[in-house]
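Protein sequence lines, in the order shown, are assigned to chains C and L.
Numbered per the numbering used here, the first sequence spans residues 1 to 352.
Numbered per the numbering used here, the second sequence spans residues 1 to 756.
Don't read these hints as lab results, they were simulated from the structure.
Mixed in with the good hints there might be a few duds.
As the list claims (entries may be wrong) - For lysine-lysine, the following DSBU-like pairs were computed, each having C-alpha atoms within a straight-line distance of at most 30 Å:
#1 C:216 x C:259
#2 C:38 x L:418
#3 L:595 x L:95
#4 C:293 x C:259
#5 L:296 x L:402
#6 C:38 x L:71
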Amino acid sequence: MNRFDYIRPASVPEAVEAAAVPGSTYLAAGTNLLDLMKGGTARPERVIDITRLPGLDRIEWLPDGSVRVGALVRNSDLAYDDRFARTFPAVAEALLSGASAQLRNAATIGGNLMQRTRCAYFHDLASACNRRAPGSGCDAREGENRLHAVLGWSEHCIATHPSDFCVPLVALDAVAEVEGTRGAREIPVDALHVLPGAAPEQETALAPGELIVSLKIPAEATAFAHNARYLKLRERTSFAFAVVSVAAALEMEAGAIRKARIALGGVAAKPWRAREAEASLAGAEATPEAFAKAAEIALAEARPSGDNAFKIELARRIVARALTLALEGTPEAIPALPASPFSTTPGANHAA
Amino acid sequence: MPLETTSPLPQHRRHGSSAGQPLTRRDGVLKVTGRATYAADNHPDGILYAVTAVSSIARGRVTALDVEAAKAHPGVVEVLTPANRPPLAHDPDEKMPPFGFRVEVLQDDTVRYVNQPIAIVIAETLEAATEGAALLNPVYEVEPARTDLESGKRFDPEGIGIGAPARTAHGDIEAGLAAAVRVTEADYVTPPQYHNAMEPHAVVAQWDGDRVTIDMPNQTLALSCASYAAYFGIPAENVLIRSPFLGGGFGSKAILNGPQILAILAARMLNRPVKLALTRAQMYGPVGHRGRTWQKLRLGVDEEGRLTALHHQALCTTSSFDEFLEPAANASLPLYASPAILAEHEGLRLDVGTPGPMRAPGLASGSAALEVAMDEAAEACGMDPLDFRLANYAETEPVTGKPFSSKALRECYAEGAKRFGWSGRPLAPRTMRDENGFLIGWGMGTAVFHCPHFPAEARATLRADGTALMETAGADMGQGAWTALAQIAAEALGLDPDQVELHSGISSLPDGGIAGGSGHTASAGLALHNAGEDAIARLAELATNDPASPLFGAGNIGVVARSGRLHRRDDESRGESYAEILARAGRSDVVGTAKTARDPAVASAHAMYSHGAVFAEVKVDPDLGQIRVARLVGAFAAGRIINPRLVRSQYFGGMIWGASFALHEEAIADRRTGRIMNADLAEYHVPVNADVPSLDAILIPEDDPHVNPIGVKGVGEIGITGTVGAIANAVWHATGVRVRRFPVRVEDLLISREFA
Numbered sequence: 001m002n003r004f005d006y007i008r009p010a011s012v013p014e015a016v017e018a019a020a021v022p023g024s025t026y027l028a029a030g031t032n033l034l035d036l037m038k039g040g041t042a043r044p045e046r047v048i049d050i051t052r053l054p055g056l057d058r059i060e061w062l063p064d065g066s067v068r069v070g071a072l073v074r075n076s077d078l079a080y081d082d083r084f085a086r087t088f089p090a091v092a093e094a095l096l097s098g099a100s101a102q103l104r105n106a107a108t109i110g111g112n113l114m115q116r117t118r119c120a121y122f123h124d125l126a127s128a129c130n131r132r133a134p135g136s137g138c139d140a141r142e143g144e145n146r147l148h149a150v151l152g153w154s155e156h157c158i159a160t161h162p163s164d165f166c167v168p169l170v171a172l173d174a175v176a177e178v179e180g181t182r183g184a185r186e187i188p189v190d191a192l193h194v195l196p197g198a199a200p201e202q203e204t205a206l207a208p209g210e211l212i213v214s215l216k217i218p219a220e221a222t223a224f225a226h227n228a229r230y231l232k233l234r235e236r237t238s239f240a241f242a243v244v245s246v247a248a249a250l251e252m253e254a255g256a257i258r259k260a261r262i263a264l265g266g267v268a269a270k271p272w273r274a275r276e277a278e279a280s281l282a283g284a285e286a287t288p289e290a291f292a293k294a295a296e297i298a299l300a301e302a303r304p305s306g307d308n309a310f311k312i313e314l315a316r317r318i319v320a321r322a323l324t325l326a327l328e329g330t331p332e333a334i335p336a337l338p339a340s341p342f343s344t345t346p347g348a349n350h351a352a
Numbered sequence: 001m002p003l004e005t006t007s008p009l010p011q012h013r014r015h016g017s018s019a020g021q022p023l024t025r026r027d028g029v030l031k032v033t034g035r036a037t038y039a040a041d042n043h044p045d046g047i048l049y050a051v052t053a054v055s056s057i058a059r060g061r062v063t064a065l066d067v068e069a070a071k072a073h074p075g076v077v078e079v080l081t082p083a084n085r086p087p088l089a090h091d092p093d094e095k096m097p098p099f100g101f102r103v104e105v106l107q108d109d110t111v112r113y114v115n116q117p118i119a120i121v122i123a124e125t126l127e128a129a130t131e132g133a134a135l136l137n138p139v140y141e142v143e144p145a146r147t148d149l150e151s152g153k154r155f156d157p158e159g160i161g162i163g164a165p166a167r168t169a170h171g172d173i174e175a176g177l178a179a180a181v182r183v184t185e186a187d188y189v190t191p192p193q194y195h196n197a198m199e200p201h202a203v204v205a206q207w208d209g210d211r212v213t214i215d216m217p218n219q220t221l222a223l224s225c226a227s228y229a230a231y232f233g234i235p236a237e238n239v240l241i242r243s244p245f246l247g248g249g250f251g252s253k254a255i256l257n258g259p260q261i262l263a264i265l266a267a268r269m270l271n272r273p274v275k276l277a278l279t280r281a282q283m284y285g286p287v288g289h290r291g292r293t294w295q296k297l298r299l300g301v302d303e304e305g306r307l308t309a310l311h312h313q314a315l316c317t318t319s320s321f322d323e324f325l326e327p328a329a330n331a332s333l334p335l336y337a338s339p340a341i342l343a344e345h346e347g348l349r350l351d352v353g354t355p356g357p358m359r360a361p362g363l364a365s366g367s368a369a370l371e372v373a374m375d376e377a378a379e380a381c382g383m384d385p386l387d388f389r390l391a392n393y394a395e396t397e398p399v400t401g402k403p404f405s406s407k408a409l410r411e412c413y414a415e416g417a418k419r420f421g422w423s424g425r426p427l428a429p430r431t432m433r434d435e436n437g438f439l440i441g442w443g444m445g446t447a448v449f450h451c452p453h454f455p456a457e458a459r460a461t462l463r464a465d466g467t468a469l470m471e472t473a474g475a476d477m478g479q480g481a482w483t484a485l486a487q488i489a490a491e492a493l494g495l496d497p498d499q500v501e502l503h504s505g506i507s508s509l510p511d512g513g514i515a516g517g518s519g520h521t522a523s524a525g526l527a528l529h530n531a532g533e534d535a536i537a538r539l540a541e542l543a544t545n546d547p548a549s550p551l552f553g554a555g556n557i558g559v560v561a562r563s564g565r566l567h568r569r570d571d572e573s574r575g576e577s578y579a580e581i582l583a584r585a586g587r588s589d590v591v592g593t594a595k596t597a598r599d600p601a602v603a604s605a606h607a608m609y610s611h612g613a614v615f616a617e618v619k620v621d622p623d624l625g626q627i628r629v630a631r632l633v634g635a636f637a638a639g640r641i642i643n644p645r646l647v648r649s650q651y652f653g654g655m656i657w658g659a660s661f662a663l664h665e666e667a668i669a670d671r672r673t674g675r676i677m678n679a680d681l682a683e684y685h686v687p688v689n690a691d692v693p694s695l696d697a698i699l700i701p702e703d704d705p706h707v708n709p710i711g712v713k714g715v716g717e718i719g720i721t722g723t724v725g726a727i728a729n730a731v732w733h734a735t736g737v738r739v740r741r742f743p744v745r746v747e748d749l750l751i752s753r754e755f756a
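Bound conformation, chain C alone (with noise of 0.2 Å):
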């Protein structure tokens, strides 16, 4: 591990600063960071503690109904906030189903959304990897690549981005309010992580030094309350990163579908939006060959990256398959196994 400083600033403004120094990173639980840097894959010059930052850890609801959550909010209490899981119930589950307890007991939601790919040859320093090494190659286009991206990948990078409470955020529109050296703005979470293209090191379109100090979810959003799913296939049935996964909201009116909102995990670089797929269900009866549509047109553009053409067929299916879920209806209480296909909730149609 490198030398490094540790700062801890007492403010938004002074941290900022401090991080507008290039070699800074921020570190608030640390629950990805300081593996990255035992690993060796992270070494800043400069570690910002925004971690005793005053005002970050409130759950705060406007009066136009939207809600804003701290970036130091922990992934447990936002989850288990009942207005809030009532609220948005995906964001809730998408939560309970990532990491461990402990984990999630420790992780900040502004680190969720920070957090790096699990792609095995970019935390393998013997490796190629454009990501971590600008220039250096890709050893996993033709490596270990099964659980790799299936949307939205380069030649450049395959990797994909591993979280799950950052795909019903997409799917909801949620923004990410900055704060930096230049003043404050809001970033759309769909456009926070950028898709590799030629600069895979580019992960994210925060400027240097810019800080998440905090999580919008607009007040829009509320309307799927009724029917939406976090669904997640995963290779073991608790902490484990996706296969592949889906938040499908659905806003119903006189029995057809009035909007829906459609978003993969695990299959690209950054939360996979399908918005096509949303449009084909405006206006529809939500049939199962509608959501068979949806699913079509979701994965139209997906091609293996390398031995993991399943995962297509799989994020197929599992579209269709949590748009039927989030027909049926939020569960009352999030399952005793969140987003699993096995979760506790009864009446799961399983035609899709």
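Let chain C serve as the given structure and place chain L on it in line with the hints.
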């Protein structure tokens, strides 16, 4: 989520003894309060920290190391490389009997696998040693890595496992196949797996002249002392190993490895205590693993569904420089009757660390393939899988014809099937669904494990206050040895376990044998039992020769030890306490000893195994291919049960490991470099609680008069066997898809929808 444990704990009180009682672990409170001292918890004064630098290539040479940069780092004391590594008295490229492997201890600059130590950095702090190792910046001359069937080198091994023959034949296999009305043939693949004990391999070594004290988790104390003595050119009695607790071993702490030897060497060179603990990632290489296998089975079956031939071939990986081949095909030797059985092994050399014994070596991989093949043969015959196994029940050991010392497998089948509800199982796959539309499948497998017995010694001291001290150098890896062994000792002494102090886990005590092969309770237990009886006999001699004792002259009639008293066999009212006998004799104690081993005559006359039957229910999402083990029921017969609570826990652990083998566990190596791409517990998946929601283990009574005088068989490994196949067979029964590669993956079940 709580485990369902519907079986009541049996309480077989034997002669009023403590054996058979479900006592909780003696060391439980220490462990849950963090006061149990594991090797890396030791901090002797003046300690230095060692960190190994490891290779990132699988084959080639290290051509340069920046030793100067490492040494220049503040706190770094020394850097050992092949250029300055002090000599060892034993050639590390020579195997050390009885099962020492060739080890990598900087004998030269060659690299033979990924994560091989290429230098060791010793520093005043762990952080400095870690950074020093990172600064070495090795330069390699890289040769292509041989990582798979195509690039590996095949060979005919001289032996497999630890000293077993590579080929075992009974009858004429081709004639058996020719006589069959139906032949089932299939290929199976099992992945590389790593032990991943929770506690990493750690060592704290301190030298005093030519004597060394080693704190380390160790499954073979006495053998290890001899081996370290050979490496360091000192007498075995100069090596003291302290291993009071092991955070799991599973075979990986039974064999010497390079990093630990290097740390001990560094302590001697620098004349200061040295601590080393491998990181999780560094455990994927120098400390053994379960090698990959490619297996082929051919089963010939007659009109009645009886085997006419059982042919099991296994291609097993080993390293480029040493041999440990999973004796996988030998899983077909002890279980099913057939006029012709052939087990054959071939080796495949890859650029990997040498594999080694890992919980249920051979049988775990081999049973996985055999039990699926048996299921496929039953399917081909249109028979229920349990009926098919019963039709091929072996009344004597199939290959040798020897009688079994005991075999309550029929009872295991019957009780397990009953508890599980097997009788309602439809033959055809994909016919059962739950109320939510998930596919349900039921599968089963037979479990079997051999009963080795290791030489062991023990000492029993009856003390003036009527309590006792029992001593043997055994190992508690978490299985509860300290508790079960104390129960055996207490029984032999006629005392309550609370009155018996058990000393173990340190090599200066009498040799407790090997904690491996599921043979520790039997081996160390018999030594304790006999030592206890010896002490009682000596005490009885004092009493029966003392005219002042109520037992005077009872020598011919005999005396019985119970509840801290000796009394006449023919009259319970005539007796006295141990304390009274010792006090009158003016003795502070009486000491008994024992040195035990298996009686070779009994051993050669009998086949000795634990048996069991495992039944699995899985649920499978018909569209998404997600699998969940809904229920596991195992019924096991393993001779006399000393502590049913601990035994059930061992069965649970084994069955969960079986679920892991079937559905989760796999080391993923990059085909080009050999580097393990999931060498951490986030990505190398072992089951979580939610993966196995319902477990039941039934303890089938079994009295074995031959296996050893205390009637104890092994329980530590058998739970894996049978379970892997049971789950895979249940997946087939749920889906109609026969997966022959482990672990079963989601994509294996993404079948076309016309089935649904």
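Outcome of the hint check:
Between the alpha carbons of residue 216 of chain C and residue 259 of chain C the distance comes to roughly 20 Å, so the proposed pair stays at or under 30 Å and holds. For the given pair, residue 38 of chain C sits about 52 Å from residue 418 of chain L by alpha-carbon distance, which is inconsistent with the 30 Å threshold. Among the hinted pairs, residue 595 of chain L with residue 95 of chain L is consistent with the structure: their alpha-carbon atoms are about 28 Å apart, no more than 30 Å. Proximity of residue 293 of chain C to residue 259 of chain C is assessed by CA-CA distance (about 16 Å); at most 30 Å being required, the pair is judged to hold.
Of the pairs offered as hints, the one joining residue 296 of chain L and residue 402 of chain L holds, with about 27 Å between alpha carbons and a cut-off of 30 Å not exceeded. Between residue 38 of chain C and residue 71 of chain L, the direct Cα distance comes to roughly 21 Å. Compliance with the 30 Å bound is thereby established for this hinted pair.
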